[in-house]
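Student: Given chain W, work out where chain A should sit, using these hints.
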Amino acid sequence: MKQRRLSSVPRGVVALAAVALAGQLAFAVVQPRPQARAEQLPSPPSAAMLRAMSLGDPIPLAQLWTLWLQAFDNQPGISIPFLDLDYGKVAAWLQRILQLDPRGQYPLMMASQLYAQVPDERKQRQMLELVQHEFLADPDRRWPWMAHAAIMAKHRLNDLPLALTLAQALAAHATGPNVPHWARQMQIFIYEDLGEYETARVLLGGLLDSGALEDPHEIHFLIERLNQLKDAEKSSHGPKK
Amino acid sequence: MRPVLSKVLTIARFTLLEAFRTRLPWIVLIIFALLALGSVFVQHIAVTESDRMQIGFLAASARMAAMFVLSLHVAASMVRDFNDKVVDLSLSLALPRAGYYLGKFLGFAGIAVAVAALASLAILTVALFGMSWAKFVTHGTSSTLSGLVSGPALALWGSSLAMELILIAALTLFCVITFAHIMPAISFVIAFYMLARSINAVRLLSTSQLLAPNEWSNRAMVRLVDALAWLLPDLDRFTSTAWLVEQSGSVSVLGVNGLQTLIYGSLLLGAGLFDLYRKNL
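Residue numbers (this note's numbering), protein chains in the order written: chain W, 1 to 241; chain A, 1 to 281.
Bound conformation, chain A alone:
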């Protein structure tokens, strides 16, 4: 193996190891367990479609929690590297800056995939538990929840979540390199995520016929929103709860999401590397 690649993989391995040592898996598991309990409460208070409500609540809240925890972990890890002079030490080992950056990104991408797998596992556990409970209550005549969450739907959802989290990891990495502090970096990531998730709804709102569409100011606003949408990843096509509760996902949508992850991930990597190379360490 080429020495640079070997060093990149070592950095990625140590990034993964750091996540284990900082008890990230346990934190994620506890959060998902709490959300699963919350989903049981939602199912309990729902008058109808209780299973659908439960899975919908768990999927949406797990996705948000995963995004938030992962971005915090990435930001904290990078800021710790800068403060402890780990970056200086790594770069003193005849490693190009891109090698260090890529190693960190690969490590964080691995963590993103693991967090997505844990989220899928939490949904699977709740679905299986619900199915067992339904069988117990109906003396083995009901298996309602098994029809609600199918294996392929969960696989699609989990894969899409992994891609979404990889993008979030790349974005947070870029933000920490640029802002150098946790607070502005995380604020930017959250704002970016919210905007990317809602930009299509904003586009629809901006084109309302009630707003005198021929007026220049309205047309300019529509163009501005369109331009903003072109610069953002199309996150509202990712990890839809409807894929789970309505089985509406498809491999083709996942393929488009994969392409979007590749393109936007490369853009974030390029932008982050640009900033890192210009940084005076």
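Here chain W stands alone, though its shape is the one from the complex:
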């Protein structure tokens, strides 16, 4: 249906719309910007409750909760640094989100890359525990976060036994075709760092003999490392003789 001409609208109506629009803009501009309230992070509802809230479609709800959790603690104005958060509740939220969307990688990325970066060893370990626990539920998909956790344990926490535990779990459980060899080889180099050259040499030799490696550069590099391990093993046994 063709509309009538603009001139058919009375001037009073146009003036009303224009004044009201200007009033709305002025009203909105003078309002204070919204600010995050410095409130404590609440505990998450039960998994059953969250499923009921999702109305049978849990992924969008999981994504919404993820963004909410991410925005909760890092706002301009009154901000709640990660360090001040209750990490028990943070871990509970991340686990609930993973229950809603098990294929999503975001919660474990947040655990290892955001929440584990605080300068508080106890909280870092809490997040590594979470990554370790959740990794076991889907190792072939969640291996990157486990590898990151192993590196963190080694370089940030200087806890080689923990790094070894994580790397061993990674090698034992993440066996899918998409898991790169370097991830499964991590434990070998941690054994080397721990001074357990013999174990490292056996594992690396076994890997080379298994025929799982196809890249000639990678094979060459690992053979070089194997030789270095043999030398290191000999020199470590040398003084004892």
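FYI, nobody ran anything at the bench for these hints, they're computed from the structure.
Possibly wrong hints are sitting among the right ones.
Unchecked claim - Not close to chain A: a few residues of chain W, all C-beta gaps over 10 angstroms, as computed: (1) 17; (2) 51; (3) 121; (4) 123; (5) 216.
Stated by the list, open to error - On the chain W side, residues computed to face chain A include the following (Cβ under 10 angstroms): (6) 8; (7) 13; (8) 15; (9) 222; (10) 223; (11) 225.
Unchecked claim - Computed spacing ranges between beta-carbons, pair by pair: (12) A:217 - W:194: 38 to 48 angstroms; (13) W:121 - A:46: 35 to 45 angstroms; (14) A:125 - W:140: 51 to 61 angstroms; (15) W:160 - A:248: 24 to 34 angstroms; (16) A:4 - W:15: 39 to 49 angstroms; (17) A:251 - W:15: 50 to 60 angstroms; (18) W:193 - A:194: 49 to 59 angstroms; (19) W:48 - A:96: 54 to 64 angstroms; (20) W:88 - A:82: 37 to 47 angstroms.
Built from N, CA and C at the ideal position, the CB exists for glycine as well.
Tutor: Relative to chain W, chain A alone:
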């Protein structure tokens, strides 16, 4: 009384009458009664703060239901007017289009106030029933719920809901004039309502420091969200459940909401009239 004003008030009266004749009060009452029953269930399954949970559930669900029912009623009523040629008939009576539009709006605003009053009544009933039940269970030694919902808090909440519903009525009226069909009009109203309620949360999300705030694309997104927020009514300051369960409302907040209703209501009226005057009937 001036003849145009008299006609405007007649249209408003007939709009109210139409709501009664289409059994809107009964529909609203039944919905609120069902929600009250649902709130009893929530109170029953809550392990702690059961009264707070009950009132919180009832207040939030009643607000949403009121918004939805009112917008559906306004859209259905206007589309019926267009289909039955009531608009043509009304305008043939030497009534300017603005008079017809204003009359309809006043009628719908009256319905909005009545629906808000019924919602407040439902909460009051549940609160009084809960208080009586608590007294019965504790042999007259407890009056817990009466402390949870005070009269002034309920009055603030109800007044704010009335303003919110008046805005929704004005918005739906504008949408029906613009889209001429119920489905697109209601879809727009629901989307608008959701966005207006959550726009402040969206603004907070858009300014997260995790998103490289100095990058131009992020800054542009923040500006875009800010501009959107300026064009929307600040509905998340309206009718907060915390006013009921935490007594956190105040007359000053209600005053700001009143000003927002006046400004945005005028804007919607102006936009709706603009569309109505350009429409070929």
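Student: All hints are to be evaluated individually against the structure, with a verdict given for each.
Tutor: We went through each hint and held it up to the structure:
With a minimum CB-CB distance of about 3 angstroms to chain A, residue 17 (chain W) fails to clear the 10 angstroms threshold, and the non-interface call is violated. The claim that residue 51 (chain W) is not at the interface with chain A holds, since no C-beta of that chain comes within 10 angstroms of its own (minimum 16 angstroms). With 10 angstroms as the threshold on Cβ separation, the claim that residue 121 (chain W) sits away from chain A holds: the shortest Cβ distance comes to roughly 23 angstroms. Against the 10 angstroms criterion, residue 123 (chain W) stays outside the reach of chain A, whose nearest CB is about 18 angstroms from its own CB.
Every CB of chain A is more than 10 angstroms from the CB of residue 216 (chain W) (nearest about 40 angstroms), matching its label as outside the interface. With its C-beta approaching chain A no nearer than about 6 angstroms, residue 8 (chain W) sits inside the 10 angstroms limit, and its interface hint holds. Satisfaction of the interface hint for residue 13 (chain W) is found here, the shortest Cβ-Cβ separation to chain A being roughly 4 angstroms, below the 10 angstroms cut-off. Because the beta carbon of residue 15 (chain W) sits about 8 angstroms from the nearest beta carbon in chain A, less than 10 angstroms, this interface hint is met.
This hint is violated: residue 222 (chain W) has a C-beta 38 angstroms from the nearest C-beta of chain A, more than the 10 angstroms allowed. A cut of 10 angstroms between beta carbons decides the hint on residue 223 (chain W): the least distance to chain A is about 43 angstroms, and the hint is violated. At a threshold of 10 angstroms, the smallest CB-CB gap from residue 225 (chain W) to chain A is about 38 angstroms, leaving the interface hint violated. Restraint check, residue 217 (chain A) to residue 194 (chain W): a C-beta distance of roughly 46 angstroms satisfies the suggested window 38 to 48 angstroms.
Taking 35 to 45 angstroms as the suggested C-beta distance range, the pair residue 121 (chain W) and residue 46 (chain A) conforms, at roughly 38 angstroms. Taken as a hint, the range 51 to 61 angstroms holds for the pair residue 125 (chain A) and residue 140 (chain W), whose Cβ atoms sit roughly 57 angstroms apart. Checking the proposed 24 to 34 angstroms range against residue 160 (chain W) and residue 248 (chain A) shows it is violated: the Cβ atoms sit about 53 angstroms from each other. For residue 4 (chain A) and residue 15 (chain W), the Cβ-Cβ distance of about 19 angstroms falls outside the hinted range of 39 to 49 angstroms, so the restraint is violated.
Look at residue 251 (chain A) against residue 15 (chain W): about 32 angstroms separates their beta carbons, and that is not inside 50 to 60 angstroms. Range check, residue 193 (chain W) to residue 194 (chain A): about 54 angstroms between beta-carbon atoms, so the 49 to 59 angstroms window is met. For the pair residue 48 (chain W) and residue 96 (chain A), the beta carbons lie near 58 angstroms from each other, so the given range of 54 to 64 angstroms is met. Separation of residue 88 (chain W) from residue 82 (chain A) is about 59 angstroms and departs from the stated range, judged on CB atoms against 37 to 47 angstroms.
Hints 1, 9, 10, 11, 15, 16, 17, 20 from the earlier list are contradicted by this structure; the remaining hints agree with it.
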